[in-house]
Amino acid sequence: ERRLNMIEAINEALDIKMTEDPDVIIMGEDVGYFGGVFRATAGLQEKHGKNRVFDTPISECGIIGAAVGMGAYGLRPVPEIQFADYIYPGLDQLISEAARLRYRSATDYIAPLTVRSPFGGGIFGGQTHSQSPEALFAHVAGLKTVIPSTPHDAKGLLIAAIEDNDPVIFFEPKRIYNAPFTGYYDKPVEPWKTHRDSVVPEGKYSIPLGKARIAQEGEALTVLVYGTMVHVAEAVCREKGIDAEIIDLRTIVPLDIEAIEASVEKTGKCLIVHEATRTAGFGAELSALVTERCFYHLEAPVERVTGFDTPYPHSLEWAYFPGPVRIGEAIDKLMSE
Amino acid sequence: ERRLNMIEAINEALDIKMTEDPDVIIMGEDVGYFGGVFRATAGLQEKHGKNRVFDTPISECGIIGAAVGMGAYGLRPVPEIQFADYIYPGLDQLISEAARLRYRSATDYIAPLTVRSPFGGGIFGGQTHSQSPEALFAHVAGLKTVIPSTPHDAKGLLIAAIEDNDPVIFFEPKRIYNAPFTGYYDKPVEPWKTHRDSVVPEGKYSIPLGKARIAQEGEALTVLVYGTMVHVAEAVCREKGIDAEIIDLRTIVPLDIEAIEASVEKTGKCLIVHEATRTAGFGAELSALVTERCFYHLEAPVERVTGFDTPYPHSLEWAYFPGPVRIGEAIDKLMSE
Amino acid sequence: PAASEASDASQTLSPAVRRAVLEHGVDPTTIKGTGKDGRLTKEDVIAAAKAKGDDPAPATSS
Amino acid sequence: DAGKQPRPDETCEAIETSDLCYDLVRVLGDDNKAHGPWDPKLDPDTLRTMLGHFAMVRAFDERMFRGQRQGKTSFYMKCTGEEATSISAAMALASDDMIFPSYRQQGILIARGYPLIEMINQIYSNKGDKLKGRQLPIMYSSREHSFFSISGNLATQTPQAVGWAMASAIKGDTRIAATWVGEGSTAEGDFHSACTFATVYNAPVILNVINNQWAISSFSGFAGAERTTFAARALGYGLAGLRVDGNDPLAVYAAEKWAADRARANAGPTLIEHFTYRAEGHSTSDDPSGYRSAQERDEWPLGDPVTRLKDHLIALGEWDEDRQAAMDLKCAEEVKAATKEAEKNGILGHGLHHPFRTMFQDVYENLPWHLEEQAAQAKREREIKWPGEEPWS
Amino acid sequence: DAGKQPRPDETCEAIETSDLCYDLVRVLGDDNKAHGPWDPKLDPDTLRTMLGHFAMVRAFDERMFRGQRQGKTSFYMKCTGEEATSISAAMALASDDMIFPSYRQQGILIARGYPLIEMINQIYSNKGDKLKGRQLPIMYSSREHSFFSISGNLATQTPQAVGWAMASAIKGDTRIAATWVGEGSTAEGDFHSACTFATVYNAPVILNVINNQWAISSFSGFAGAERTTFAARALGYGLAGLRVDGNDPLAVYAAEKWAADRARANAGPTLIEHFTYRAEGHSTSDDPSGYRSAQERDEWPLGDPVTRLKDHLIALGEWDEDRQAAMDLKCAEEVKAATKEAEKNGILGHGLHHPFRTMFQDVYENLPWHLEEQAAQAKREREIKWPGEEPWS
Ligand SMILES: Cc1ncc(C[n+]2csc(CCOP(=O)(O)OP(=O)(O)O)c2C)c(N)n1
Ligand SMILES: Cc1ncc(C[n+]2csc(CCOP(=O)(O)OP(=O)(O)O)c2C)c(N)n1
Ligand SMILES: [Mg+2]
Ligand SMILES: [Mg+2]
Ligand SMILES: [Mg+2]
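Protein chains in written order, with the working numbering: chain A, 1 to 337; chain B, 1 to 337; chain C, 1 to 62; chain D, 1 to 393; chain E, 1 to 393.
For the record, the hints were derived by calculation from the structure and aren't laboratory data. Here the structure is a predicted model, which means the values were calculated and not measured. From the three backbone atoms N, C-alpha and C, an ideal C-beta is built for every residue, glycine too. All clues stand as given, with none of them false.
Cut-off 30 Å, straight-line C-alpha distance, at most; resulting in silico cross-link-like pairs (DSBU-like, lysine-lysine):
hint, chain 1, residue 1, chain 2, residue 2
1, D, K336, D, K130
2, D, K127, B, K187
3, D, K171, A, K204
4, B, K50, E, K171
5, C, K42, B, K266
6, D, K379, A, K211
7, D, K41, D, K257
8, D, K385, C, K36
9, C, K50, B, K266
10, B, K333, C, K50
11, E, K379, A, K333
12, B, K333, B, K240
Take a look, some chain A residues computed to stay more than 10 Å from chain E by CB distance:
hint, residue
13, I16
14, H48
15, G203
16, P208
17, E337
Please build the complete structure, drawing on both the sequences and the hints.
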């Protein structure tokens, strides 16, 4: 069994697609010669050439805008935005252009971009290296949003995203690039090398966008979660001995509604966990969907555990992070109903 | 009784604040000499001078960015973004700068901006003159988002927004600038001049941000709504003879949660209506809140009636618009539970 | 999890009805629902409780 | 001063174009003759073809504007006075060079032979509209004609054009890209991205800035015109820059050709400022009398490009007023016929649009479940509103 | 070629600075003497003060960098080699001129007398931190010192500076604004907005572009440096532009003073490119050996500004190596003392931070209900995690 951490898995997915498809190109700030500030593109320029893996000016607008043009030409660009916090200058090109191009041109042109970007906190990155803006993208018709939680999934989902003909936002939970953080920040971190989900097959495989992963089967309650928080939820349920069904959504748009419905109908209780700020976060959509579709199966109010509606504060990062205590409290509440 | 349409009411609010407070300035594309493409700033440059009401380059980033700097200086800028669809190039300055400035500087600097922008569809404006992006702003901690539905409220809320020391996004439902559109696009439109909510007192008054308006009291179900859709919801309930409690939220952040809870606890049923695309729209947050807070009062699943998750299609605008039929269907469903 | 052996009706109780059932101490399987698909409504439960001669309980739970 | 501007070699260093950024390349003199090194030496047939496109776009604009006033559609935008900046420029490109237009380049479609009826179908958002009624009128797209989908968001096409050109270069393709952007829109950050990427990657692209002196109600000074030229933006990035009389069809052709040859020779991108004048209102939604004097148009800075080209041909002995009148008439009739034909497919708001189900198509390549559900809801709505009427699918 | 660059009058037309955009203003020659019209003729006391700030910031950087390595905080950024571009520039401004900095201008705070201990408190995010531990280390803010809150988002400060300057002009205030931005960051659209607004409104602002030749791992060519200078950007907008040897403290002072005088005289904004070199890694998160050779630093393009200023003072007979050594020692000790003092307030992650409740403050002026509820939840969490420990409020 070959085990990789998430960076290695992502790097391998990129390498496989670049080798297989000459139209795949990689661009972004520091991704070329240096191989990315998180090393996700390390070695790729050397292997695939400066024409296909290259550094860009510091202009997220230009990165996405140029990628849209490249996509219209027929390439399959995989731009990196160095931190999700810095995606906003490129948002217009994503929302007004990439997301609507197929529709507005009635398929004359498409934007088969895969925008990779590290997101999330827990690394003492302060308010501009910690955000989780996935809800903004989920609101935009025409975009798909993917968030892996394991090396295995990161590789398979990234390959699927690159092959997808729609623009995909691929958010990488940077906190778990190197190890599956459980939220117990004061305990030693288990490395990927000993984690079951770091077994990454060689060669190409892909995981369909829109299919959730049942991270853990259970009967007592359903947990809807993605990214870093999958591992935190798992740890809390383990700790508390709760027979939870933990659904790692993997893709938030399109969503695996069948998996969600089946689980909530079974358990009657639903907890939603994300790191992003609460108000109008993606958890709201999940809560609304569950209420709309599983109402008569609900035995308790759907609960959301989220980051607070504040910027991510540097020194109080662990007070912000929706860690084991916050999740535990919600589980207790749900189980007591 | 003096009656104004919404443009007149907004113009009057701006004029009052400019007259009263020398630190209020207005800037934006075509707002100066011409008085705005919707005439909201008509006459203000002539009255208050080119130093205080001025045209800008076509750069939403520059408009918001400069306004942040002006706010730091001590002015109280009221920038206009010509259409909400064009706010994205300025989003980084709003999200990363205006929204977080007070927090990150620990009150050294504040950003008392009021960003006015016409939003919403129903005017055959096509996909880039019809969007309702309010959910994006609701997700950003530090911003307030205000949406008036009547001339009376537009004036009072705008004055409150300008006086507020936090950055406020003030979305003006352009479909009802001139008349309170009820969604029956094939029937004649009632002008503001005969509508009760167009009575606008002279002089200064303000409506606190975060206080909803009970547009109509009722017992059968609660309708949570804002902007243009207030009038559509009212018309449908009138048409159907439904004893609905219609809550015009006025401000989506901060939200008047007390009014919402009190109403849903009374009616046991809740309908949420907005024109924006459905997925991760602000309706999701409302639905989640209602479920979280009024669960044991709910007699039926919370329903959302929204725009579809597509761009706003030019020729099929009325098929997109969440009009009377869509709302009626949801009401029927709720009432039959 | 939901009591899987419970009657059809109990699977379609809205939260408000469930609360009413608890507050009024009535057995939902004994009441005929007037709601959609024969579902129990809050009013059905209150009517059943009245018929049973119960005092309406104060609505202060939860 | 027509013919006075020097013409450096296409493969020159960008800096050698510095003086041209502050000058104005002109070919047609007051004598209606072509002068100087920028004379593209086009043969009379080509000039007549160009004049024909001019006439056609003017006839088209006239009729479509009236169509909007008659309620046949929601919106229209004329390019009156700016015809050369699109038609003459496009004629200097290869027909498969990729165009990333703004909204005032209908001339390019006409020059490339895009059928009028397709344009009108789009303007009417009718059932013949290739864009399925989804876009605001005049927001055309034609992959077949290497014409990118027009966006309502200003300047977004500019970095896209650069990206397309980079892709072409990566693939060793000989095609180049050209983009058009209004002088007002150059203030957007996208334009800066475009210039930066173009210069850093030496992309085979032409950035055409159409300085028609107005951006809706705002004089070009609000984009910086009182401090320097728009061509001078090129200097800031080390791009080649040209400033050209946009109402001089020969000068426009020559400048665009120079830039195309430069790009194709891998000698780098060019920014061209076309100095022209928006003779009409911004769009059918606009009334320019609110912000500029009526005489301004009469003074018609730089002269009407159609007249100038016509007079040039006449001066060459290759044209006369009668042929001009006949051509104008023929254009008007062609447009009229196309309009009639298009109206059979419907006009906006009169029911003859694409089927409702198309509204949910192409948001994604495949319909996800949530759009399937929403489509079903829309279908239900339709059945409630108009029972038994027109089919959904 | 020190002293060879002409110095136009501060109120000249912007275009008169064209040649200076391609040149390099230098004052200090190889002989360590000041030359030419740009010599600011500073008196020895001022020069010694400047040298003192240089020494202090270098000592500070050294110690803070080590502090991060010792785990006292999460992050640090040095400005080694670029001291003149902040300190000498700031000394040419009035003390209440408004600074919109990027993240490498700690020199300005030191030049303006901001207490070291406040800087360290911020870096440690401890309970003494005036920013309440909310910002990443080095993202200072000080209204008292007319120093704007630093943002992690590159270049956003540039249009803000222009807006502030516009406000100052609107109010008839004599204060001007100055902003600093890295050469790599000039690619952002914000910078373009800043230049456009500055030129359109003739705002009293100075745009300092710090070309230290690197943006993390990316050579300045990725921002366009291989095609032209960054000062030439000014020409594109019709701004006055200067290109200055950023390691020549006298030249930097002179250029900034020229621009400040120009702005204060309402003669318009100036863009200054400070050509310098980032001698160290980008930040404590960076290891430059992965992308540039170790010798590069040894060659130290342009020479160490501290050494150059020191040698100048020595050449003037106003300084010597012993005094230099003594000053360096004194700075190191001052920094050490301040560090010790600040450590009493805590270091990152060791519990001595601002009270938890402060996390919810200042998101808005007043606490809305949803933050009140979230604060209550956070308090509960705290009580569960550490029952009875440190007070919430
Ligand atoms: C991002 C964005 N901001 C604002 C607008 C509104 N708008 C449409 S056209 C226009 C003026 C554009 O002027 P210019 O670029 O000079 O082009 P012209 O109309 O003169 O061809 C404006 C402000 C828009 N469409 N997109
Ligand atoms: C909008 C944005 N994009 C990307 C980043 C990540 N980033 C931080 S510093 C940096 C390099 C900046 O280089 P430069 O502007 O030359 O400044 P220097 O570090 O040399 O002082 C990058 C890419 C960011 N902070 N903000
Ligand atoms: Mg305000
Ligand atoms: Mg224009
Ligand atoms: Mg740099």
